[in-house]
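Chemist: Using the sequences provided together with the hints, build the complete structure.
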Amino acid sequence: MTHKIVILGASGYTGAELIRLIAGHPNMQIVALSGERKAGMKMAQVFPHLRHMDLPALCRIEEIDFSDVDLCFCALPHKTSQEVIRDLPEDLKIVDLSADFRLRDPAEYEKWYGNAHAALEIQGEAVYGLTEFYREEIRLARLVAGTGCNAATGQFALRPLISAGVIDLDDIILDLKCAVSGAGRSLKENLLHAELSEGYNAYAIGGTHRHLGEFDQEFSALAGRPVKVQFTPHLIPANRGILATVYVRGEAQAIHDTFQAAYADEPFIQLLPLGEAPSTHHVRGSNFVHIGVASDRIDGRTIVIAALDNLTKGSSGQALQNANLMLGEKEVAGLMMAPLFP
Numbered sequence: 485m486t487h488k489i490v491i492l493g494a495s496g497y498t499g500a501e502l503i504r505l506i507a508g509h510p511n512m513q514i515v516a517l518s519g520e521r522k523a524g525m526k527m528a529q530v531f532p533h534l535r536h537m538d539l540p541a542l543c544r545i546e547e548i549d550f551s552d553v554d555l556c557f558c559a560l561p562h563k564t565s566q567e568v569i570r571d572l573p574e575d576l577k578i579v580d581l582s583a584d585f586r587l588r589d590p591a592e593y594e595k596w597y598g599n600a601h602a603a604l605e606i607q608g609e610a611v612y613g614l615t616e617f618y619r620e621e622i623r624l625a626r627l628v629a630g631t632g633c634n635a636a637t638g639q640f641a642l643r644p645l646i647s648a649g650v651i652d653l654d655d656i657i658l659d660l661k662c663a664v665s666g667a668g669r670s671l672k673e674n675l676l677h678a679e680l681s682e683g684y685n686a687y688a689i690g691g692t693h694r695h696l697g698e699f700d701q702e703f704s705a706l707a708g709r710p711v712k713v714q715f716t717p718h719l720i721p722a723n724r725g726i727l728a729t730v731y732v733r734g735e736a737q738a739i740h741d742t743f744q745a746a747y748a749d750e751p752f753i754q755l756l757p758l759g760e761a762p763s764t765h766h767v768r769g770s771n772f773v774h775i776g777v778a779s780d781r782i783d784g785r786t787i788v789i790a791a792l793d794n795l796t797k798g799s800s801g802q803a804l805q806n807a808n809l810m811l812g813e814k815e816v817a818g819l820m821m822a823p824l825f826p
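So in the numbering used here, the last one in the sequence shown is 826, and the numbering has no gaps at all.
Be aware that a few hints might be false.
[What the hints assert, rightly or not] Here are the computed lysine-lysine pairs in the DSS-like style, where the Cα-Cα straight-line distance is at most 25 Å: (1) Lys814 with Lys577; (2) Lys577 with Lys563; (3) Lys488 with Lys814; (4) Lys488 with Lys526; (5) Lys522 with Lys712; (6) Lys595 with Lys712; (7) Lys563 with Lys522; (8) Lys522 with Lys488; (9) Lys563 with Lys672; (10) Lys563 with Lys595; (11) Lys577 with Lys488.
[Unchecked claim] Label-pair restraints from in silico Cβ distances: (12) Lys526 with Ala678: 27 to 35 Å; (13) Arg521 with Pro573: 21 to 29 Å; (14) Gly649 with Ser681: 37 to 45 Å.
Hints listed in this document are in silico derivations from the structure and should not be mistaken for laboratory results.
Every residue gets a Cβ at the ideal spot worked out from N, C-alpha and C, and that includes glycine.
Modeler: What follows is the structure in structure tokens.
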């Protein structure tokens, strides 16, 4: 069976990544692509690397007929996404890549994103889209809220450890480096080549990054009590990739064993031998996560390092993984491509 797919916001990086991935899917057909500012343009003009594909031209959302669509990917900015999804057909399956439905508490959404929730009537049915931990809920969902790419990386490195109680929950430091594509495709002065290249900077310092809302929500639910991590993200002059270095109090062997038990059957998560560290180079363009564990020289302290591609496993690959479950496809369909190296 071929599933008819719509992508809203196809002129952005995550939209283009969705198209690239769906091109390798055996049972999906893209029937409409929206791009408000680029409506009427061909995808070959917007993303020349996709010119070999037979794709519909970009259009406005109101021009799309959703009556025969099986699933819609929404790759729009936060706030816009809520307003659009609220007005889509009630029986349409949706995977939202924005932040608009990630936080279950509307007050937390307003706190972190600065505007009141605009679709309270459907917030309750949204399922958090971290596939490996919400698989069964996603399978039955109509609306799935994709995670933040930073939030996904940190959770792959910490969720099993919090659940198993093998680390001190009051002593977690998360130091994360993210490539520039995580900031989107809009023109920003600080992302110009001359301003970004040959440098490396921290941002959202002191607990102001929006993905902390996801960490607080998810980690506290796992622990059954409030858990707050110390988190500093850094912008690096690379196009793709996230590397999270997590400092915890706990024994390295117990932590490695916990990951082994948690991820043994996960097709996209690769646990490295104890003492080895991953690199963003080794997951580039793929849906894989690499996790390394190493002892620190200070007794009782351990370093956990996780790497993934922010556009693939951190966003569009995760979205396709979720869509596969929602449509009854094999979870790995269209996603087993090997990473690009070098």
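Chemist: Work down the list of hints and note, for each, if the structure agrees.
Modeler: Verification of the hints:
{"no.": "1", "hint": "Lys814 with Lys577", "verdict": "17 Å, holds"}
{"no.": "2", "hint": "Lys577 with Lys563", "verdict": "19 Å, holds"}
{"no.": "3", "hint": "Lys488 with Lys814", "verdict": "16 Å, holds"}
{"no.": "4", "hint": "Lys488 with Lys526", "verdict": "19 Å, holds"}
{"no.": "5", "hint": "Lys522 with Lys712", "verdict": "41 Å, violated"}
{"no.": "6", "hint": "Lys595 with Lys712", "verdict": "16 Å, holds"}
{"no.": "7", "hint": "Lys563 with Lys522", "verdict": "20 Å, holds"}
{"no.": "8", "hint": "Lys522 with Lys488", "verdict": "22 Å, holds"}
{"no.": "9", "hint": "Lys563 with Lys672", "verdict": "19 Å, holds"}
{"no.": "10", "hint": "Lys563 with Lys595", "verdict": "13 Å, holds"}
{"no.": "11", "hint": "Lys577 with Lys488", "verdict": "11 Å, holds"}
{"no.": "12", "hint": "Lys526 with Ala678: 27 to 35 Å", "verdict": "31 Å, holds"}
{"no.": "13", "hint": "Arg521 with Pro573: 21 to 29 Å", "verdict": "25 Å, holds"}
{"no.": "14", "hint": "Gly649 with Ser681: 37 to 45 Å", "verdict": "43 Å, holds"}
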